[in-house]
Amino acid sequence: MSQTVLTDVFYENLDLHPLLQQGLAAAGITRCTPIQALTLPVALTGRDVAGQAQTGTGKTFAFLVALMDRLLKHPAHPDRKDSDPRALVIAPTRELAIQIEKDFQTIGKATGLRSALIYGGVDYDKQRQQLRDGCDIIIATPGRLLDYYKQDVFGFGSVEVMVIDEADRMFDLGFIKDVRFIFRRLPAREKRQVLLFSATLSHRVLELAYEHMHEAEKLVVETENVTADRVRQVVYFPSKEEKMPLLFNLLEESKAERSIIFVNTKAAAERITDRLKRHNFRVGAISGDVPQVKRQKLLQRFQDGQIDLLVATDVAARGLHIPAVSHVFNYDLPQDAEDYVHRIGRTARLGAEGDAISFACDLYAMGLPDIEAYINQKIPTASIEAKMLVMPAPRPRADGVQDEVDDPNDTGGHIPTRGAPPEKGGRGSRDGRGPRSGDRSGSRERRPRPPREDRPAAAAPSTEVPMKTVVVAETVADLPAATEAMAAEGATKKRRRRRGGRGRGAREGTENAGDGANGTPNGNASRGDRPKQGAPRRAEGENPNRRPSRQVTATRPASAPTPPAAPVKEKIGLLRRIGRLFGGR
Numbered sequence: 017m018s019q020t021v022l023t024d025v026f027y028e029n030l031d032l033h034p035l036l037q038q039g040l041a042a043a044g045i046t047r048c049t050p051i052q053a054l055t056l057p058v059a060l061t062g063r064d065v066a067g068q069a070q071t072g073t074g075k076t077f078a079f080l081v082a083l084m085d086r087l088l089k090h091p092a093h094p095d096r097k098d099s100d101p102r103a104l105v106i107a108p109t110r111e112l113a114i115q116i117e118k119d120f121q122t123i124g125k126a127t128g129l130r131s132a133l134i135y136g137g138v139d140y141d142k143q144r145q146q147l148r149d150g151c152d153i154i155i156a157t158p159g160r161l162l163d164y165y166k167q168d169v170f171g172f173g174s175v176e177v178m179v180i181d182e183a184d185r186m187f188d189l190g191f192i193k194d195v196r197f198i199f200r201r202l203p204a205r206e207k208r209q210v211l212l213f214s215a216t217l218s219h220r221v222l223e224l225a226y227e228h229m230h231e232a233e234k235l236v237v238e239t240e241n242v243t244a245d246r247v248r249q250v251v252y253f254p255s256k257e258e259k260m261p262l263l264f265n266l267l268e269e270s271k272a273e274r275s276i277i278f279v280n281t282k283a284a285a286e287r288i289t290d291r292l293k294r295h296n297f298r299v300g301a302i303s304g305d306v307p308q309v310k311r312q313k314l315l316q317r318f319q320d321g322q323i324d325l326l327v328a329t330d331v332a333a334r335g336l337h338i339p340a341v342s343h344v345f346n347y348d349l350p351q352d353a354e355d356y357v358h359r360i361g362r363t364a365r366l367g368a369e370g371d372a373i374s375f376a377c378d379l380y381a382m383g384l385p386d387i388e389a390y391i392n393q394k395i396p397t398a399s400i401e402a403k404m405l406v407m408p409a410p411r412p413r414a415d416g417v418q419d420e421v422d423d424p425n426d427t428g429g430h431i432p433t434r435g436a437p438p439e440k441g442g443r444g445s446r447d448g449r450g451p452r453s454g455d456r457s458g459s460r461e462r463r464p465r466p467p468r469e470d471r472p473a474a475a476a477p478s479t480e481v482p483m484k485t486v487v488v489a490e491t492v493a494d495l496p497a498a499t500e501a502m503a504a505e506g507a508t509k510k511r512r513r514r515r516g517g518r519g520r521g522a523r524e525g526t527e528n529a530g531d532g533a534n535g536t537p538n539g540n541a542s543r544g545d546r547p548k549q550g551a552p553r554r555a556e557g558e559n560p561n562r563r564p565s566r567q568v569t570a571t572r573p574a575s576a577p578t579p580p581a582a583p584v585k586e587k588i589g590l591l592r593r594i595g596r597l598f599g600g601r
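Counting from 17, one number per residue, gives the positions in the sequence shown under our numbering.
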């Protein structure tokens with residue numbers, strides 16, 4: 017921890033419980049930060065405190081030390097049940113609740129106090145059983161906590177200390193009704209202690225404090241700027257289409273090793289992550305819809321250095337302590353000025369230095385004046401050179417970049433690097449992604465199919481159709497003769513126009529058959545049994561009700577003799593005919 021953000025107040029000089037002093041010494045925490053030195057003397061006396069300080073200045077340790085010291089020095093209520101907690105810590109996001117739990121385990125191992133981490137998305141039955149077994153401190157998000165409370169898993173009647181971290185974010189996420197619900201079920205304000213900490217204390221937060229706190233004392237660490245002093249801020253003014261190449265060139269120039277890229281939407285996070293993966297960056301994406309287990313593993317990989325870039329929405333802008341973050345890129349300017357303070361607060365923590373680079377594009381540039389008015393300073397601007405708008409070539413592939421995540425069931429919330437396409441799978445797989453769910457044959461060993469036996473091809477039945485004689489005129493003068501020949505041949509086979517639609521022949525055949533049975537003269541066959549004139553013959557076994565084709569096959573009997581060819585006459589042209597007409601020849 018840097019000496020510039022520490023005060024001359026030592027923890028050993030405070031009136032703390034010996035077990036708590038032992039835990040702080042084991043963690044290497046000996047001196048107080050400004051917010052800790054300002055609030056601990058008041059909070060240790062049991063008074064309510066509303067504290068405000070910059071991000072990354074140790075607010076979490078400030079309320080944890082005051083909370084644990086009270087629980088260690090004061091016995092529990094005699095009527096307290098084993099499942100009822102003695103202290104309650106409310107956080108707006110799951111990541112912040114997990115961070116508070118880690119800090120508690122850092123300094124509270126030697127105290128013997130039990131904690132329960134309650135948040136949505138994971139381990140519903142396990143968390144409920146943990147509450148029933150009993151704990152001293154509950155660190156939770158409001159939604160899951162009230163779900164268990166309404167099931168009578170625990171009660172609020174024995175709560176001695178109530179802590180609200182990032183209270184302004186409670187309003188933004190719509191949890192303020194749940195917070196008021198919890199306050200109304202706590203013991204009387206004279207019998208409890210309320211600690212409220214945040215980087216920004218708005219008027220509505222102070223209204224909540226004065227409504228539910230008992231003579232709260234507002235303590236603010238006075239600084240020249242609302243943001244951290246060691247953050248180097250700069251803003252560029254690109255268009256919406258120029259932000260992507262500008263980001264890539266800045267990443268190449270700054271040689272950023274551990275950076276966070278903040279966006280406003282999940283779609284933007286996915287799009288940027290995909291482009292960074294194509295350029296062989298080790299990157300992960302985190303947003304509100306990523307499952308909690310994957311979100312935790314992704315943050316752990318980022319803290320361990322397995323991932324260099326983290327593309328995130330504002331879900332990662334509050335309370336996360338990730339050491340050694342060198343750069344914060346506001347790819348999209350936040351729509352709320354307070355979110356800007358929390359975003360750039362992920363860097364330059366505890367006296368370190370960092371850079372905050374923002375893009376004021378045509379979509380979000382209108383929020384820049386509100387941000388500058390909120391932080392009481394003008395953000396320096398930077399010009400964009402022409403070469404910074406050219407997309408650089410992909411980086412050489414690093415050893416740490418993998419095509420797929422090691423765990424096939426957990427993608428860690430980030431998109432795997434594009435590589436060679438997987439091989440096509442067998443019957444139980446789709447595009448090589450393994451057997452489909454519910455495929456029973458996936459667990460059995462597949463035997464190769466025996467080769468098919470060669471069977472002799474069956475002889476095709478003869479389909480000879482007798483051809484019909486077609487007389488073709490070779491010259492224009494032969495047209496009358498050809499026409500007469502065709503008329504003579506088709507006189508006996510004059511084609512009749514078919515009427516009545518499909519199946520008419522079968523219906524007529526049935527009716528005429530009945531008439532013949534009743535006394536048809538001369539025993540003539542019915543009309544339905546006779547084929548129509550001009551219709552093609554049916555093959556044996558063919559459906560008699562089948563609609564005949566409109567195309568008439570030109571056939572002739574095999575025994576019919578070929579007619580002799582007509583004599584070829586000389587063709588007389590039009591001009592010669594006119595000459596004969598007027599010349600008399």
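Hints should not be assumed to be uniformly reliable.
Within a straight-line C-alpha distance of at most 27 Å, the following computed DSS-like cross-link-like pairs (lysine-lysine) qualify [stated by the list, open to error]:
#, residue 1, residue 2
1, Lys271, Lys234
2, Lys310, Lys118
3, Lys118, Lys271
4, Lys142, Lys125
5, Lys256, Lys234
6, Lys282, Lys256
7, Lys403, Lys293
8, Lys310, Lys293
9, Lys271, Lys97
10, Lys89, Lys118
11, Lys89, Lys142
12, Lys271, Lys256
13, Lys89, Lys234
14, Lys313, Lys293
15, Lys142, Lys118
16, Lys166, Lys125
No lab work stands behind these hints, which were simulated from the structure alone.
Quiz prompt | Hints breached by this structure | solution = Numbers 1, 3, 5, 9, 11 and 16, in rising order.
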